Amino acid sequence: MNVETLSPFILSLVTFIPAGGGLLILLIPRRDRDIKLFALVISLLAFVASLHLPVHLHREIGAFKFEIDKVWITTPNIHYHMGIDGISVWLVVLTTFLTPLCVLISWTSIHERVKEFFILLLILETALIGVFTSLDLFLFYFFWEATLIPMALLIGMYGHGRKVYAAVKFFLFTMIGSMFMLAAIIWLYAKTGSFDFVVIQNAIRSGIVPGFETASLWLFLGFFIAFAVKVPIFPLHTWLPDAHVEAPTAGSVLLAGVLLKMGTYGLLRFDVGLFPAQAHRNAPWVMVLALIGIIYGALVSLVQPNMKKLIAYSSISHLGFVVLGIFSFTTAGLNGAVFVMLAHGVATGGLFMLAGLLYERRHTYEIADFGGLATPMPKYATFFLVTVLASVGLPLLNGFIGEFLVLSGAFQARPIYGILAATGVIWSACYLLWMYQRVFFGKVKHEVNSTLTDLNLREKAALAPIAIAALVMGVAPLVWLSAIDPAVQAALAPFTQLASRMVGQ
Amino acid sequence: MIMITAFAHSLPGLLAQLQASVPPPGADYMRILPELVLSIFGMLVMVVDPLLDEESSHQALGTIALIGTLAALASTFWMAQYPGTAFWNMVRVEGFSVYFHFLVIAIAAVVILSSYEYLAVQRIRAGEYYGLILFGTVGMCLMSSAIELVLIFIALEISSISTYVLAGFRRRDASSSESSLKYFLLGSFATAFFLYGVALMFGATGSTNIDAISQVLRSGNVPVLAYVATALMFVGLGFKVASAPFHVWTPDVYEGAPAPVVGLMSTGPKAAAFAVLLRVMFEANAPGRFWLIWVSAALSMTLGNLCALVQDNVKRLLAYSSIAHAGYLLVAFAAQPALGASAAMFYTAAYAAMNVGAFAVVSHFANAGEKYVTLEDYAGLGRRSPVLAATFTFFLMSLIGIPITGGFFAKFYVLSAALKSNLVGLAIILVLNSAVGAYYYLRIIVMMYMREPRGEVPVTPVPAAAGLAIAVCVLLTLYLGVLPGRVLDYASQSARQLVSDTVAPTAASGFPATEP
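Residue numbers (this note's numbering), protein chains in the order written: chain A, 1 to 505; chain B, 1 to 516.
Keep in mind that the hints were calculated from the coordinates and are not lab data. Since this is a predicted model, take the numbers as computed values, not measurements. Heads up, the beta-carbon is just placed ideally off N, CA and C, and yes, glycines get one too. You may find that some hints are simply not true.
Claimed, not checked - Derived, one-sided and incomplete: chain A residues facing chain B with beta-carbon distance under 8 Å:
no.: 1; residue: G156
no.: 2; residue: M179
no.: 3; residue: Y189
With the rest of the complex left out, here is chain B (with noise of 0.2 Å):
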């Protein structure tokens, strides 16, 4: 009741200032740049599709969306020559904002890639898949950039929704609209208790701007109902991330997904919720984090590896790993905020490369139906079609974390991060965690290489678009797996910039200086 009252008697406030305030200048379109972009070229997408028909409409709509991601990847240059605010304070152009609208646009662009076989296959229309995902992933986009939390919740609900509907595009499978379903009311569950989170740190501090709320956070008198409302916002941010303990909809939704779908919201989605969790953690300061990451990352781990060891669906196994590897993100936000948000930042982008890579094989694989998920669908694929095997064991020593791919410096760094901030209980954890881990994805390629090729599983060759979303993948994997320095330390400076007063660790920041 408090709250609402305190809420209404801001509002004339801030109607005031949107009325009085002139039009926003020029340059305020430039800081949005790409969300407009991305939506535009959205919109020609469901516009040209009825024009089609439906033979044709996969290449040709499939086209217009690739144009649009990498129209939305130049304007991201373009964006990134007008750092500041814009519209009133709700939106900010900085180099972390510019990493993730990089990282979430590319990955539409690959998964868009991989469709384009996918969709034909499936018999899926493309007008409104398509539409969904470059709206999506303006949403995510405006995750990373939004520094006001009521714009940062649409944004979020504009980029989870998208994905709702996406997750039931295999219709004629039940499978599949149970987890969009499953999703759906999960997620507006859990959506709902970052709304109240963002209610409650109103109550607490006054303010839904990022800035404001660290600054009365960082006064040293920290109320304690931010406290609570920290916790609920993590409730919503961990479902998205997909962390024990909110990660039960995670195999489910995975395994009834389409597969491009599935690659694109283990990454995309989640490397914006990310994105989300380090503003609210490290910038805004949440006071009493620390706990609450460490059991949550702890858990994420060990459940996600624990019970992927079973696991004989290869969706399946691979949702179970993404648990594990939102664990192992978190412990990255579990230290020092510098070192901690650049760790999690590299993670985000080296996770993205391997595992929408691994999906686009997936994907291709899977046939018409999804008939071919199983592990053992998965024999002897080194000797029918070799190249292909060799690309999925790469993303999957990549998901190990063997040195030269992307996924052991992302490893490497979270675990320096933990060890220079004490955190040895955590960094103990994490090393015992990815030794098991290393046992089921060897399954897969134990699988691929030692076993023999059952006759009826069908390999037909792959085709152009995703053989060049895969080589993307690849190639990024490698890069960060051999040359990590240049991302590395765009990221590191980045993330100095985001945490540049949170670098001392206060009482009321709830870190301590080593672990207990």
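The shape of chain A in the complex, shown without the other chains (with noise of 0.2 Å):
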């Protein structure tokens, strides 16, 4: 088909294909097989259409692109606008990139209503892309709300141990943060009549909302703490270990994939794209929390029982790197949070994946039921071996490019922040290589985990695009910095004047 007459429609497409597939769902008759094959296709189908963007994206500074932007309420002027830029192209790609693996992950450990259970997931696919494409302040707000109830409903019907506890305590923390969020977005709208984030972003820089100066730092802590929560960033990040460890491992993969990232997105596209004079005065405090959260993160780590809770906490630290990053408000702490979010999607989807894998047979998460795997399952041992090295950062994997690009940024701010967080980057090799020593090494301990079935085709297809996601985006990252760098030159481009400003000053 002819690009352009394709250009208008693909994110609609993307964004929309999951869900129609979900309602389709509905229609099988209750036969598990064909609703697995079906929500594969269906996922698979999202992800070669998403490929569509990034493939498609001129690559230059400022404007988005595929945009659409049709009236859908008019009173208030709420439009279905949507359009992507360097930096959400990767998101979308990187929901549409799990999915079809949390699709396969599920195959037989959703053995109870599994109806529903693609249903819910193709219905959060939709929303998590939905997202990341909304220009709109209403329809962005939307899909973050929409985000919330699948993913509740996942984690409290197909979760183990405290689930209940952990799908409302998810809930009520992210709803919560929103509500201010909501009433910011409102705020916005009553003194600029519109919800498009474009016109509003505008408005803003030329000066003419009234009364901005006294409110921008309630909008900005309004939509700061929604994403806080998200992301989540210490003291707000309590929801998440109970949300990780009871979650499906589908759950858990999109949790930590995709979910956290709507919160550094959400920072990095609303709160700093929207109110950089804020952003700029309040970096301080919270590049502090961020470092609180990279050290606190991987200390916890070190000390989990729980292999899940290992992971969970991990990724709190991670996390804190993409925080860290976006507020250094340099370009490569930019570039480097960006990437970090990518590569932390792809790797801890990775080890959550792998986790699931191994509570599928022997139903723990427990390091200490565990010790030399590596004989019974050396495959799966290379599988997690790879990914855990990702995800600590080796170089030539993708998890070193984003770390030492946001290192370099936190250095050029404030070269303390770097050293700090440099720590972080020893921790995690600390955790995770002890985690996988006390797993895999040795003899084998227990004698159950000796007759413990290593991975069949379908756990190898789950994995295997992780293992060449991870070492691609780590040999070629320029593929991927390429189309972010304009974006974050983009996003910059105020803190640059603010600067000079500054400096003229």
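Using the hints, put the two chains back together into the complex; each one sits in its own frame.
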């Protein structure tokens, strides 16, 4: 098909293919195999469609691509306005990349209420993509809230242990946070008469919004709380370990892989994009919180006896890097932050998948229950090693590039931040490699473990893309960065002006 | 004493006016056409009732009542063609009254649909039941179109007395009688306050006509008596809309009354009472209203939500939720008139759609003797009755205020009206309260989806009538959540008309430009 004819619809197509497929599943009779296959086909279709985006993205600075802008509701003035730039395009692809893997990984682990599971999963995918493609604040809020329900239901219905507690906690934390964002959005609408991100941004930049000076701190904080809960930034992180540990594997993968990125994406696009002056003013304490998150997350990971909890806390640490990079307001820092988002999505998503596979076999996540697994499960151990090394930040794998860029950005902003953050890299090597050693090396400690089966074809098919992506992203990061960089430059434009104004004074 | 004399003095004038005037022109009857249609069908139900045996009467009488409401809906279109006042300036047809006519008649229609099965299961006699619903609806309709305080009072009584009786219809159950009696005693007490307020307003302004009162109150010279009158009328209406601190009756009454009746009285009379409140507060420009409303709104939201957190009975939980929603709605009354009135009008419609729907589900599920109304009874409903659970979840989502539901836009418009009027304090209270509110609605959803079903609770298939009622509510909630534009445009147009000359806040109106 001709590229130009497809471009206006491609974003809607990518966004709504999964949910449309989810609704079609409603019509399929309850034969689990058919439902799983159908879900896989739909999610692969969405992935293929989403590949159109980076391939045909023009990589110049500014302006959103593949825009579609239609009036949805006249009063209030709400538009169906979507568009992506070099930052969101990769997050969309990350989402569509991880979803088919989630379907594969849930093939046998979900055996009850299968139909509902895949419907929820696909609706969740649509909501996640919508968050990254919306350019109308209202539409954004709509998708943002829409992610909440399927995710909470996935945790509450298919999780284990204290699943209801975890689901409700997750729901309430996010819900309360986003109410503040809603109030801020309505304030902006009340003063500018528009929900359009670009319109509001221009209005703020040209200083025609009445009362903006006094309100901007509150607006910044309103958005910040919603995003900080989602990232999560210390001390709002307490929902995350619960949600992760109790969630089904696919839920954990999407939660760590994509949902957390909604928070950092929101910080970058909306908090920093709309209120650069406030972001600049508040950067010091936000960066301190990020540093606390990096170090605290790593230290807590170190002492976790539970594999899944360890990975969950490591997410807090890694997401701290993203926040640090964003609020360093340097080109390297921002590029690195976006790259860490993607790398973390792939690597941690992979770790959760691996942990889930082990749980399927042994129904436990306790590290002490394993040991010497490399003998019965050599292939599994290999995949695990690659993913762990990617997460640790070994050069030539994807974790390294992002963290390196963030650290160099942090050094530029303030050397002490860089030094402290660098310890986080060391910590992550400690807790992940130590965990790896306890689980895989040595003799088989428990007799049950010696008969564990290695990966089958389906499981390998789910894990191979993760390993390949980790390697490709590590070897050829420029494929990603060449798209990210122009978008980052556009986001940084107000800060270079701010800096030059300060120098001028 | 003074007032009574004054009233007596004006009576001869009024009588003379009545005698002198020619009989009302035919168009006047068109302006109360829906009321007439409803009354005729109400009487028809009563006449047909003794001719049928109890078995067959449920279906037949319900159908007559349903046709009555549909005919009334159709006649509302007709009525809308005759804007203007009727019967010596007592009734006025305008966008505002047409809106509320549609709303309350539609509520009655859906409630009647959802009662078909309920009455049969609970063995309730259908004749009086449907008759009272229709007569009550006449009162509600009249409340929205009356512009004469005395007529408003009479309409209020018509609607109240019907609901007092309806609340006691589960007569085999003591809690229902308790509910009815409690509602009746407290309700008459509250209406007395309203009447006293009307009398004082007459004393203060020399008239009971909203337009005339508004002229006096806008002239800048506001007598002190008018402040007292406003406060007293607010007490009476505050009781009807179940706003704190006049809310204490709500949980007991809702718990005891038949579930479909609760669906009706938590939306219909409430919407009508809000219509009266809009007339008294905004059209008549009642003085000193700002802090009254501010305090009541803040209290209702906070008390309603906090008390709802610990309820284990779904009907009681929804009762406290309705108190909280009355609070959200009152926030709109503290905002600038045109913005506030349209937000409030939209809210009543959205709330009606979701709450009638929620109670339709509760009525179906309650079973004989309303045995299954506790939270535990809903455990595992998601597995046993997926469609019913999904629709209930949808209504609860709407009550929480999640996007693509009517409840979201309702809250949204109220919040934006409040923020545009610089009511930052109330807006923050509203936001915090919605967050608290999310928790208890979520408890029901968690029960339905994440707990194992208990064996003994039976799940019967949803019969056609109740299914239709629930489907209508789902569609309307969805419509208001996806395409709220048309309803809101209509609401804001008629709100502008209603408050056309209250837009500029004056010192006398008691509306400060910003919240202190």
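Okay, the hints, checked on the actual structure:
1. G156: holds (4 Å)
2. M179: holds (5 Å)
3. Y189: holds (7 Å)
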